[in-house]
Amino acid sequence: MDLTLTAEEERFYQEAHTWLAANVPDGAHSPPGTPEAVQRSRAWDRALFEAGWSVLTWPARYGGRDASIMQWLLFEDAYHSLDAPYRLSQNGISLLAPTVMEYGTDRQKEQILLPMARGDVIWAQAWSEPGAGSDLAALTSKATKVPGGFRLDGRKIWSSHAASADMAFGLFRTGDPGERHRGLTYLLMPLDAAGVTISPIPRIDGHASFAEIQFDNVFVPDDDVLGGVGRGWQVAMATTGSERGFALRSPGRFVSAAERLLSLLDSSVARQFPDLVDRAAQMWQDARAYRLRVLAMAARVGRGESVGAESSFDKLYWSELDVRLNELALDILSATGFPETNDPKLRRWLEGLVTALPGTIWGGTNEIQRNILAQRALALPRSY
Amino acid sequence: MDFSFDTDHVEMAGAVRELLTRDFPAEALRSSAGDRSARRKIWDQLAGQGLHATLVPEARGGLELGWEAAVLCLTELGRAAVPGPFIDSVAVAPALLASAPGDAAADLLTRLAEGATTVGVAEHGGLVACAEDVEVVLVIRGEQITALSVGPGSFIPVPTLDESMPLSRLSGGEELFTVEVTPGDVRFARASGALAASAQLIGATRRIIDMTVGYVAQREQFGRTIGSFQAVQHALVDAALKQTFAEPVVHAAAWAMGDGDYEAPVSHAKIAASDAAHLASRTGFQLHGAIGYTYEYDLHLWLKRAKTLTGLYGTPSHHRARLREHVLSLAEAS
Numbered sequence: 001m002d003l004t005l006t007a008e009e010e011r012f013y014q015e016a017h018t019w020l021a022a023n024v025p026d027g028a029h030s031p032p033g034t035p036e037a038v039q040r041s042r043a044w045d046r047a048l049f050e051a052g053w054s055v056l057t058w059p060a061r062y063g064g065r066d067a068s069i070m071q072w073l074l075f076e077d078a079y080h081s082l083d084a085p086y087r088l089s090q091n092g093i094s095l096l097a098p099t100v101m102e103y104g105t106d107r108q109k110e111q112i113l114l115p116m117a118r119g120d121v122i123w124a125q126a127w128s129e130p131g132a133g134s135d136l137a138a139l140t141s142k143a144t145k146v147p148g149g150f151r152l153d154g155r156k157i158w159s160s161h162a163a164s165a166d167m168a169f170g171l172f173r174t175g176d177p178g179e180r181h182r183g184l185t186y187l188l189m190p191l192d193a194a195g196v197t198i199s200p201i202p203r204i205d206g207h208a209s210f211a212e213i214q215f216d217n218v219f220v221p222d223d224d225v226l227g228g229v230g231r232g233w234q235v236a237m238a239t240t241g242s243e244r245g246f247a248l249r250s251p252g253r254f255v256s257a258a259e260r261l262l263s264l265l266d267s268s269v270a271r272q273f274p275d276l277v278d279r280a281a282q283m284w285q286d287a288r289a290y291r292l293r294v295l296a297m298a299a300r301v302g303r304g305e306s307v308g309a310e311s312s313f314d315k316l317y318w319s320e321l322d323v324r325l326n327e328l329a330l331d332i333l334s335a336t337g338f339p340e341t342n343d344p345k346l347r348r349w350l351e352g353l354v355t356a357l358p359g360t361i362w363g364g365t366n367e368i369q370r371n372i373l374a375q376r377a378l379a380l381p382r383s384y
Numbered sequence: 001m002d003f004s005f006d007t008d009h010v011e012m013a014g015a016v017r018e019l020l021t022r023d024f025p026a027e028a029l030r031s032s033a034g035d036r037s038a039r040r041k042i043w044d045q046l047a048g049q050g051l052h053a054t055l056v057p058e059a060r061g062g063l064e065l066g067w068e069a070a071v072l073c074l075t076e077l078g079r080a081a082v083p084g085p086f087i088d089s090v091a092v093a094p095a096l097l098a099s100a101p102g103d104a105a106a107d108l109l110t111r112l113a114e115g116a117t118t119v120g121v122a123e124h125g126g127l128v129a130c131a132e133d134v135e136v137v138l139v140i141r142g143e144q145i146t147a148l149s150v151g152p153g154s155f156i157p158v159p160t161l162d163e164s165m166p167l168s169r170l171s172g173g174e175e176l177f178t179v180e181v182t183p184g185d186v187r188f189a190r191a192s193g194a195l196a197a198s199a200q201l202i203g204a205t206r207r208i209i210d211m212t213v214g215y216v217a218q219r220e221q222f223g224r225t226i227g228s229f230q231a232v233q234h235a236l237v238d239a240a241l242k243q244t245f246a247e248p249v250v251h252a253a254a255w256a257m258g259d260g261d262y263e264a265p266v267s268h269a270k271i272a273a274s275d276a277a278h279l280a281s282r283t284g285f286q287l288h289g290a291i292g293y294t295y296e297y298d299l300h301l302w303l304k305r306a307k308t309l310t311g312l313y314g315t316p317s318h319h320r321a322r323l324r325e326h327v328l329s330l331a332e333a334s
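Residue numbers (our numbering), protein chains in the order written: chain U, 1 to 384; chain S, 1 to 334.
Mixed in with the good hints, there may be bad ones.
So the derived label-pair ranges between C-beta atoms look like this [stated by the list, open to error]:
| # | chain 1 | residue 1 | chain 2 | residue 2 | range |
| --- | --- | --- | --- | --- | --- |
| 1 | S | Arg282 | U | Ser267 | 35 to 45 Å |
| 2 | S | Ala33 | U | Ser267 | 48 to 58 Å |
| 3 | S | Arg224 | U | Thr144 | 45 to 55 Å |
Negatives, chain U to chain S, calculated, CB over 10 Å [to be verified]:
| # | residue |
| --- | --- |
| 4 | Leu5 |
| 5 | Thr140 |
| 6 | Gly149 |
A short, non-exhaustive set of chain S residues, derived as facing chain U with CB atoms under 10 Å [what the hints assert, rightly or not]:
| # | residue |
| --- | --- |
| 7 | Asp2 |
| 8 | Phe5 |
| 9 | Val213 |
| 10 | Phe229 |
| 11 | Gln230 |
| 12 | Gly258 |
| 13 | Ala272 |
| 14 | Arg320 |
| 15 | His326 |
| 16 | Leu328 |
| 17 | Ser334 |
These are computed hints drawn from the structure, not numbers from a lab. This structure is a prediction, so every number in the text was calculated from the model and none was measured. Each residue gets a CB set at the ideal place from its N, CA and C atoms; glycine is no exception.
Turn these sequences into a full structure, and let the hints steer you where they fit.
As structure tokens, this is what we get:
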């Protein structure tokens with residue numbers, strides 16, 4: 001065991017930090033959904049790609065540098081310590097790409113991965129439906145077989161960044177409705193295809209960040225099935241696994257947020273409001289615990305062990321931590337009186353809270369995560 | 001960066017676990033309460049596996065394996081709730097005496113490493129854990145360590161719930177030697193006690209969670225096992241979640257003991273292990289229903305042990321106060 005960085009790791013961190021410090025764009029954390037925000041995100045992806053930082057852990061032929069998980073964690077540490085911006089490409093990179101690498105045909109890999117890494121093609125997920133949220137296997141959007149492909153009909157909802165995205169990936173029913181998770185197929189489709197209607201849904205601060213997608217007789221060729229007809233559930237579960245674990249929420253995010261939080265605690269706050277100091281001390285511990293847990297998991301993955309259902313523990317932990325961190329920062333700022341009406345710090349924490357809130361819901365609600373853990377980590381029976 | 005244990009250390013702890021599973025089941029824990037020779041027997045068996053020598057320097061006849069090995073082994077002692085002055089003898093006394101001058105201290109340490117004697121430390125305002133089993137007590141006064149030979153008349157028992165790890169107030173004893181150590185030695189010894197208790201806590205917590213999972217998986221009500229109800233499942237998952245994030249904190253503190261910068265990591269470990277033990281205890285007790293409130297059922301043995309361990313070498317409040325200072329110093333620096 002050695003919890004210090006090797007000279008090589010230290011060098012890697014410094015290289016990432018130096019590049020990011022010189023290149024992170026200003027005003028990065030403005031709310032999503034505006035055309036300017038989308039343009040900025042694409043340009044940032046492009047810059048990261050050209051410098052080799054966009055998709056570190058991917059093979060070089062798809063724009064990566066075959067980096068280890070440890071190197072990715074170090075890059076993320078640097079990324080969040082500089083408060084670099086959220087990337088609209090995140091959905092594709094974290095959720096679709098691992099599935100394409102595992103199940104995709106060679107042609108799909110060539111067509112999808114490089115443009116995704118470059119920020120040229122932004123992907124949205126099309127999972128949930130009005131009647132199929134936590135019970136995803138109840139979905140009813142249909143893919144009907146026609147010569148050369150499928151016709152899609154139905155409605156998908158809560159699709160993150162669909163209004164800004166170029167393409168979508170999702171599950172459609174190719175079997176009988178009664179088959180639940182057995183009759184599903186994983187499909188890829190352009191969002192500007194004939195018959196696709198996108199209606200943005202403003203989130204609680206009024207900014208559009210997710211959308212409803214209506215499919216009316218939309219044609220998708222056979223080549224855009226991912227992983228085989230009728231195998232959609234098993235293919236999709238591979239992506240939800242990566243969505244839950246540390247792949248989407250690296251510890252750097254929370255360690256940096258805890259550090260920014262501590263900088264709000266000046267001596268007058270500490271004197272007047274000891275409860276805020278206690279809560280800040282707890283945040284410091286919780287962010288540190290998350291970091292240590294991920295480092296232990298990274299070591300296990302490095303030894304070739306698979307993480308499996310245990311990643312749901314991480315999802316529960318980071319999603320709740322994220323909300324508490326942002327809430328506490330705002331509690332500290334309100335206790336001391338907001339210094340200026342246009343304080344960028346205040347705006348940053350407000351945006352942080354709005355972003356953190358749905359974390360306990362998306363990617364499988366935390367109730368569903370607890371069901372998964374009860375059954376797969378604790379080996380308890382199916383629940384009621 | 002490599003957050004993984006050496007295979008040798010994992011195997012050593014595996015052997016300890018195997019021994020305890022075979023020779024120290026819950027019935028043995030119960031019958032050992034009034035049977036000093038039974039307690040001495042498990043003490044000797046564990047000494048035979050090298051446990052007592054783990055943290056003793058080679059120059060004093062120890063194995064000097066370090067804290068990573070010690071934490072894994074002590075976790076197994078917590079899982080089995082082995083009674084006896086293990087925290088003081090295996091962890092605290094070696095830290096206090098490792099660099100103490102004089103032959104008397106060196107001899108005591110050598111005999112400790114062999115498991116040939118039992119040592120307690122008078123901490124927490126002069127309290128000694130498992131005093132009945134202790135032959136020598138170390139008293140810390142500033143940087144002065146006095147070793148006392150003790151016997152049945154040297155202690156006054158204090159009321160406690162955990163009869164397998166009772167606390168007693170030191171009231172006498174015959175001085176064997178007094179040595180001067182450094183403030184760093186004393187700090188390190190207290191951190192050693194806190195970390196040893198944390199390691200035992202995560203073992204005890206694992207046992208409580210496992211017992212409770214086993215119970216709810218077989219107990220039937222409303223025509224199905226109660227472990228199939230979400231209210232039960234989610235409570236257990238929350239207990240397992242706290243434990244899952246406490247374990248790496250304790251493991252990282254073990255590494256920090258060899259790094260020099262160990263104080264905040266150890267305080268964090270004691271808090272995290274205590275909090276996880278508390279949630280698992282409350283959840284385990286609740287989900288067992290009435291059977292968990294009986295003397296006959298084994299759950300209380302671990303609930304009581306977890307409570308005792310939580311109080312040893314700094315309560316969670318003590319360690320929270322230290323981390324509060326730590327965090328304020330970080331805030332000032334930022």
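Going down the list of hints, with the structure as the test:
1. Arg282/S to Ser267/U: 35 to 45 Å: Given a distance of about 37 Å, which is inside 35 to 45 Å, the answer is holds.
2. Ala33/S to Ser267/U: 48 to 58 Å: 52 Å, holds
3. Arg224/S to Thr144/U: 45 to 55 Å: Once the Cβ atoms are compared, 40 Å apart, the range 45 to 55 Å for threonine 144/U and arginine 224/S is violated.
4. Leu5: 6 Å, violated
5. Thr140: At about 25 Å from chain S, threonine 140/U clears the 10 Å cut-off, so the statement holds.
6. Gly149: Per Cβ check, glycine 149/U is outside 10 Å of chain S; nearest 41 Å; holds.
7. Asp2: For aspartate 2/S, the interface hint holds, since the closest Cβ of chain U sits about 5 Å away, which is under 10 Å.
8. Phe5: Because about 6 Å separates phenylalanine 5/S from the closest Cβ in chain U, which is inside the 10 Å limit, the hint holds.
9. Val213: Hint holds; valine 213/S Cβ to chain U Cβ min 5 Å, cut 10 Å.
10. Phe229: Since the shortest Cβ distance to chain U is 6 Å, the answer is holds.
11. Gln230: Holds. Min distance 5 Å.
12. Gly258: Holds. Min distance 9 Å.
13. Ala272: 6 Å, holds
14. Arg320: Check passed: Cβ of arginine 320/S comes within 7 Å of chain U, closer than 10 Å.
15. His326: 8 Å, holds
16. Leu328: 6 Å, holds
17. Ser334: Holds: closest Cβ of chain U sits about 4 Å from serine 334/S, inside 10 Å.
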